[in-house]
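K.L.:
What follows is the residue order along each chain.
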Amino acid sequence: SAVISQKPSRDICQRGTSLTIQCQVDSQVTMMFWYRQQPGQSLTLIATANQGSEATYESGFVIDKFPISRPNLTFSTLTVSNMSPEDSSIYLCSVVGGNYGYTFGSGTRLTVV
Amino acid sequence: GNSVTQMEGPVTLSEEAFLTINCTYTATGYPSLFWYVQYPGEGLQLLLKATKADDKGSNKGFEATYRKETTSFHLEKGSVQVSDSAVYFCALSDRDGQNFVFGPGTRLSVLP
Numbered sequence: 023s024a025v026i027s028q029k030p031s032r033d034i035c036q037r038g039t040s041l042t043i044q045c046q047v048d049s050q051v052t053m054m055f056w057y058r059q060q061p062g063q064s065l066t067l068i069a070t071a072n073q074g075s076e077a078t079y080e081s082g083f084v085i086d087k088f089p090i091s092r093p094n095l096t097f098s099t100l101t102v103s104n105m106s107p108e109d110s111s112i113y114l115c116s117v118v119g120g121n122y123g124y125t126f127g128s129g130t131r132l133t134v135v
Numbered sequence: 022g023n024s025v026t027q028m029e030g031p032v033t034l035s036e037e038a039f040l041t042i043n044c045t046y047t048a049t050g051y052p053s054l055f056w057y058v059q060y061p062g063e064g065l066q067l068l069l070k071a072t073k074a075d076d077k078g079s080n081k082g083f084e085a086t087y088r089k090e091t092t093s094f095h096l097e098k099g100s101v102q103v104s105d106s107a108v109y110f111c112a113l114s115d116r117d118g119q120n121f122v123f124g125p126g127t128r129l130s131v132l133p
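Line by line, the protein sequences give chains A and B. Sequential numbering of the first sequence, starting at 23, is according to this note's numbering. Sequential numbering of the second sequence, starting at 22, is according to this note's numbering.
If you are wondering where the hints come from, they were derived from the structure by calculation, not from laboratory data. Be aware that a few hints might be false.
To be verified - Pair by pair, the computed Cβ-Cβ distance ranges are:
#, chain 1, residue 1, chain 2, residue 2, range
1, A, Lys29, B, Pro133, 32 to 42 Å
2, B, Glu36, A, Gly74, 29 to 39 Å
3, B, Thr92, A, Gln60, 21 to 31 Å
4, A, Glu76, B, Ser35, 50 to 60 Å
5, A, Gln60, B, Asp115, 17 to 27 Å
Even for Gly, the Cβ is constructed at its ideal location relative to N, Cα and C.
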């Protein structure tokens, strides 16, 4: 299955600022996915990032708040913009690994103060 | 739409106890079923999977059998260890890997 490197692993940010999370995959993949895991909760899909086109956002998530880039088939970024304490979560990227299901990055633990 | 239901946690067991975490699903067609594990401070790791009825996924002493008649995929382990303490997520996807859905997660704590 694919190996995903995600960074930063954690960060503490001031409210009103933005953080960009990077996800690098060791193989070319068509779709990459960004998830949010709020404290004590399950995973919620934020958006699907396809190379060469706009990301597709799930209900409740908008591009102005979570802009996504997908410049090539091995890399994507998610930016959490104008942060507030409610954005404190773990953010994970993932790719579909064929029969292995989804492979996940190690996650970015974000705390907004 | 597709959905996954898991037994609510937290689950607290003594070392070497038997573990069962129930998972049931609702889906159209023939989904693939997964268990993921999230150790403290880490991301998700695929624990095991099954892609068709009566398949048994197994890994690290954990097992789960795809039961189409009961739409279930219960996770079991005969003897848990302290190192198994984690959150366990049941999940499913369509046959082609689309429409991935997670259950709410079950936190397991194993005491020495």
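K.L.:
Any of the earlier hints contradicted here, and which numbers?
P.N.:
The structure breaks only hint 2.
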